[in-house]
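Chemist: Here are the chains, one letter per residue:
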Amino acid sequence: MSFSSIAIAGLVMFGLGVTLAVTLAVAHRKFYVYEDPRIDEIEEMLPRNNCGACGTGGCRAFAEALVSGKLTPGSCTVSTPEIKEAIAAHLGVDVGAQEKRVARLACAGGRNVAWVRGRYAGVESCRAAALIAGGGKGCAWGCLGLGDCQRACDFNAITMNVHGLPVVNDERCTACNACVEECPRDLFSLQPVSHHLWVACKNQAPEDQAKRECEVACVACGRCEADSPGGVVMVVNHLAVVDYSKNLLASKVAIQRCPTGAIVWIEESGEIMKGPEAKKVTRKSPLPIAQETVARM
Amino acid sequence: MKKVAVNLLKKEKRTFAHGVHPPECKEATAGRPIRRLAFPPQVIVPLQQHTGVPAVPVVREGQEVVRGEPIAKAGGFVSVPMHAPVTGVVHYIGLGPSPTGAMTPSIFIKAYPGATQEILYGAPREIDRMTPEELVLAVQDTGMVGLGGAAFPTHVKLAVPKGKQVDTLIINGCECEPYLTTDHRVMIERAEDILAGVVVAARAVGAQRVIAGVEDNKPDAVEALKSALTRCPLQTEVIPLPTKYPQGAEKMLTKALLGREVPSGGLPVDIGTVIMNVATLAQIGDLLPKHQGLIERVVTITGPGVLKPGNYLMPLGTPLWFALEYAGFTGKANQVVFGGPMMGMAISSLATPITKGVTGIVAFTEPVGDGAERPVYPCIKCGSCVDACPIHLNPSRLGLLARKGQYQAMEEEFHLNDCFECGCCSFVCPSGIPLVHYFRVAKTANRQRRAREKAAASSGGNS
Chain X
1 MSFSSIAIAG LVMFGLGVTL AVTLAVAHRK FYVYEDPRID EIEEMLPRNN
51 CGACGTGGCR AFAEALVSGK LTPGSCTVST PEIKEAIAAH LGVDVGAQEK
101 RVARLACAGG RNVAWVRGRY AGVESCRAAA LIAGGGKGCA WGCLGLGDCQ
151 RACDFNAITM NVHGLPVVND ERCTACNACV EECPRDLFSL QPVSHHLWVA
201 CKNQAPEDQA KRECEVACVA CGRCEADSPG GVVMVVNHLA VVDYSKNLLA
251 SKVAIQRCPT GAIVWIEESG EIMKGPEAKK VTRKSPLPIA QETVARM
Chain E
1 MKKVAVNLLK KEKRTFAHGV HPPECKEATA GRPIRRLAFP PQVIVPLQQH
51 TGVPAVPVVR EGQEVVRGEP IAKAGGFVSV PMHAPVTGVV HYIGLGPSPT
101 GAMTPSIFIK AYPGATQEIL YGAPREIDRM TPEELVLAVQ DTGMVGLGGA
151 AFPTHVKLAV PKGKQVDTLI INGCECEPYL TTDHRVMIER AEDILAGVVV
201 AARAVGAQRV IAGVEDNKPD AVEALKSALT RCPLQTEVIP LPTKYPQGAE
251 KMLTKALLGR EVPSGGLPVD IGTVIMNVAT LAQIGDLLPK HQGLIERVVT
301 ITGPGVLKPG NYLMPLGTPL WFALEYAGFT GKANQVVFGG PMMGMAISSL
351 ATPITKGVTG IVAFTEPVGD GAERPVYPCI KCGSCVDACP IHLNPSRLGL
401 LARKGQYQAM EEEFHLNDCF ECGCCSFVCP SGIPLVHYFR VAKTANRQRR
451 AREKAAASSG GNS
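Listed in order, the protein sequences are those of chains X and E. Residue numbers for the first sequence follow the working numbering, beginning at 1 and rising by one. Residue numbers for the second sequence follow the working numbering, beginning at 1 and rising by one.
No lab work stands behind these hints: they were computed from the structure. It should be emphasised that the depicted structure is a prediction, and the values quoted were computed from it without experimental measurement. A portion of the hints provided could be inaccurate.
[Unchecked claim] Below, computed lysine to aspartate or glutamate pairings styled on EDC-like, alpha-carbon distance capped at 20 Å:
hint, chain 1, residue 1, chain 2, residue 2
1, E, Lys443, X, Glu181
2, X, Lys279, X, Asp208
3, E, Lys404, X, Glu171
4, E, Lys443, X, Asp208
5, E, Lys26, E, Asp220
6, E, Lys443, X, Glu124
7, X, Lys100, X, Asp208
8, E, Lys454, X, Glu182
Excised from the complex, chain E in its bound form (with noise of 0.2 Å):
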């Protein structure tokens, strides 16, 4: 008895407080291995992909690319180039679908249907010699952006302020998504290229010490992990963390491996560790030593609409309806999202192409049609939520305060900016709210308001 209790205070130790269980719905995926998609006929790939400045186009329309070659510059620091996904003529820049819904700039480029496709773009060189700050241009020259979902450019994260130190890197190896197998399989596949990515992005930060957290529902992860990292030079640990949802975010994960918590408004570099995801690691640690830029990455196409799901290495910039037709899509689809079912967008047209940040596609069967809709109930403040929170708000008053239009309060007295939308409170709400959606509006609607404040402030000083 004494034992059970030890072991149920270690276990505890080692995760975060709150968080939800939603049903997995791993195994249609988790075991088939990564397969390549045919090449699209036509990529689109939009400008901004990533979080920060977009990419400025380095080709002109009617230009013939090369796969591997950049067709966009950084537009600053927080941005990131991008690269032809395959080999043909650009005919088109301008407008293009995107995720978001908006019209984005964006590169079209058809693929040659003779083309072989190889990479001939990259020369080797030795990454054991460059110093870290060479390291950071590099990893931006690679446009490598978290893979995780975010899309931040991993240069970013690798270039620690002056005055800031980094004692750990943290391997996210959770992929606490429902739906989502694409970390799982890269982890078992290519545990090679985390391995080489690990040692790139450790010395970059100037770690001593690598921690990987991976989910204890995917032990043959946690073995392929641990037999890759044990020829790393530093000091290396793989921990199985309990399975709970959101345990892949940031703040929960150095909460669970580290038992230290990201201040509020603040970054993970604040706390002294550096957090990145093993499909960003694999690709860093595959395309640095190479030269290459990033143009294909591991998608996860399942759900109920799809007849045959898997694990897809697609070129970036493939049209949805492309992937979905390939994966044997059923036509019955109500609904598609990118990302999981958690924290993924819904997408309203089967043009949009696949960015940097999509990690799955998920089709949905359920009946959506008039009069299906989840109803919405009045509030009865049972708390469910409040237990549900990960970072210990109280999305209940936030909910209300949302009814009403408060939107300024909820920022200043709730700690709305704290939020990350993982989704458990809406996901626990017996009355159905749609909590999350409450707060992007909200979040929106301050940005705006603050624009506004600034742009009147600006004038005003001129004037």
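Excised from the complex, chain X in its bound form (with noise of 0.2 Å):
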């Protein structure tokens, strides 16, 4: 191998490097984006979990609506409030009220209460059990208890009681909407706190059908209906709905009377209070299969 060969290869590589540098200058000035430096640094400190409860994208597309002013750091269900306020100091705005909103769960019937008409055998998901027969229980509306919710939080605020039923820890709950689209019963929403009032049941039957499926479930008696002023709860299709645009009226007298303790007054601590006419349910074991649920009809 001669010295020139080598000197040619060296030159060619050289001139390439060069070519290719000033190529990559060029690039550079002519399809230079300007970038905001603190859509980065908002979301270095934003939890980034891409939960989306915000109603964007993720924590980045958060960070950009707030650079560009279209939502206050409050709209972050999942930030504490310090660090809302550390955004809101650096980005100079207001941090913006947001109240603070808890996934809730339409249903009370457990093992322990809600009867079951035939045994699901098969995967072992409520959106699985849903389409055999409606899983099996009683009620067509009530909860399956095997777990979608659970799996799909990603915030590990739901929790299987020991009766099958979801509880929500409020504390931890951010209200990202996940378990809202889980559930093949559609039982979860959104409230606010402020909420108090709560209907724990989607029954649409008729009182002695209600009764015959579930021990709490709303038997449509519309005691609620008429104690509560202003027509804050209603009766509608066998089943007692909160109007929630009357919320200031709501108070605990609506509960007063329910004999199955399905509408219930939940404090802004979380605590659940039922009525003091509501049965009283002691039953630990879950209820045998039976069809007699149903009515002969």
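Build the complex: two chains, separate frames, hints provided.
Modeler: Printed below as a string of structure tokens:
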């Protein structure tokens, strides 16, 4: 190998390097996009769960919305108040008030109170069970208790209790909507903590049938409707419904005479209060399978 | 030797690739003539027994109805009316049990115990003079849906879309599902009605040729159909097909009889054919000239859980408990299925009514107690399901994706929506993986996701 061939190879590589470097330098100038450096800084400060509870596609999109002023730091449901204040101070904007919302389950029919008319054996998932004759639960609206919501929750806010009902830890719940989308029975909804009155039932069957299906079902007796002022509670399709547009009128009087405890009062601490006349359930064991829950109409 | 090979080739030509051979279990009821079930004390008529829009009630609570009278009108074009299955009184209109387990709007009719249950409604009419469009409307008036199980409104099938032509009417007499023998008995006992139905259907769709496909495990049905169809004015042919599951599926039948394949996402009408089940044709042939509605159907009640298995003609809306009691229910069944074991639905309530799409009631007695479940092992990638799938999907890969929740990839990359849930893959899986169940979960999840995206898009557009 002669000296010249080494020199040629070296020169070619050198020339190539110079050309590409010049191209890159030109491209860097020509195609430069200015990005607000604050977006990166804000994204660093956010929890980066990418849960989407704020309504944007993720924490990056939320940071962009913050910097452009479309949203306020208070819209993030996961960050602690300190983080929100830090972000607000960093951007020089107002924190923005955002009432805490939590996921609530519209069912209280655990295995100890809700009758089952068929045993489901198959894939352990509510969605799969709902496809096989409604999962065998007597109530066609009730919680199937196989824990799809627990698996969907990224914040470990949902645990299944001994009766097979999901319990939401209000402290941990970030109102990200994952459980709402997952539940095949549409039992979860996001509620501001100021919504104290809550109907923990979705059974739309007539009174006698609802009673046969579940011991804590709303039997549409109408006492809550009669007691509560201003039409806060109304019975629609054999089910009590709270009109939250009149939430300021809501009071504990609505739950006083409920015979089954289907309508409850939830304190902001998360404590659930039933009325004094509500049926006391002391049973701990699951109810047996019973075809009699279905009337031979 | 050569002859055998030629025969094999010939035989090969008249079927489809893949499929399975489940035990037939038809001997208990195949020889039993159709018998009428007693009238139940109450019938429950769900307003949605068909694919499409629910029917709209035209009766009020407390109103008396006679057998055959319309009680609900069609809610749109892809919808059918309902007729009173018994003479009695409408005592409740509200939510009632349905085979899917959900509570759906239904009409409850209490039968009069002393009524003669004569069909007093209807008037003879000349169907020979009707145009195809009039025939389609007349078929809608009868409330006919596909009686083979899918319950798709028949008149929608008969209304050939503009720009499409139909050259062949296929008569589906396969009944490949184990245990069921309703179509078998209908072909033997009601071949005349089938002939009348064929003439109507062929005229409505403009078909020049009629081909009947019957599985070769029913030689008596082949003979009955052959002798009836000789009197058909059109060119007819009855072809015995090898017994294989799912020979009765539309896509498999067109492939076997015509050698044409229905395109992915398409309908048989796209390849110039319309497929009708024999029971549907028999009912059209019977009801259309009399201007009456569909109020009863033949249901096979069988399985180890009943003492008197048979083929029963029963009013629509008969509660399951009544039908089972009549057939000598032992009370020992652990699982009751509407339809057959391959594609049927397990039922959780004895109050569930018989709907237009119920082909059979099978009561199983296998122990299903705690610990007796079929264990599920991991996929060993043996490929049995790939060899069984009649539409050439890869159920193994689909199943693995479903376990991971990759529902969108299943649909977009592995043609999940072409799966018609025949159950062949679950049947052959040596690991006992409930593949079809996974696929159904994936399909509902995808449907929900699309609905959410649509809602988000429309609300975004408004704001």
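Chemist: Determine for every hint whether it applies to the structure shown.
Modeler: Status of the hints after comparison with the structure:
Taking the CA atoms of Lys443 of chain E and Glu181 of chain X, the gap is about 15 Å. The hint holds against a cut of 20 Å. Distance hint between Lys279 of chain X and Asp208 of chain X is fulfilled; the C-alpha atoms sit about 16 Å from each other, no more than 20 Å. The suggested pairing of Lys404 of chain E with Glu171 of chain X is violated, with an alpha-carbon distance near 29 Å, which exceeds 20 Å. Among the hinted pairs, Lys443 of chain E with Asp208 of chain X is inconsistent with the structure: their alpha-carbon atoms are about 36 Å apart, more than 20 Å.
Distance hint between Lys26 of chain E and Asp220 of chain E is fulfilled; the C-alpha atoms sit about 14 Å from each other, no more than 20 Å. Under the criterion of a C-alpha separation no larger than 20 Å, the hint pairing Lys443 of chain E with Glu124 of chain X is consistent with the structure, at around 17 Å. At roughly 38 Å between alpha-carbon atoms, Lys100 of chain X and Asp208 of chain X are farther apart than 20 Å, so this suggested pair is violated. Restraint check: the Cα-Cα separation between Lys454 of chain E and Glu182 of chain X comes to about 17 Å, which is no more than 20 Å; the hinted pair holds.
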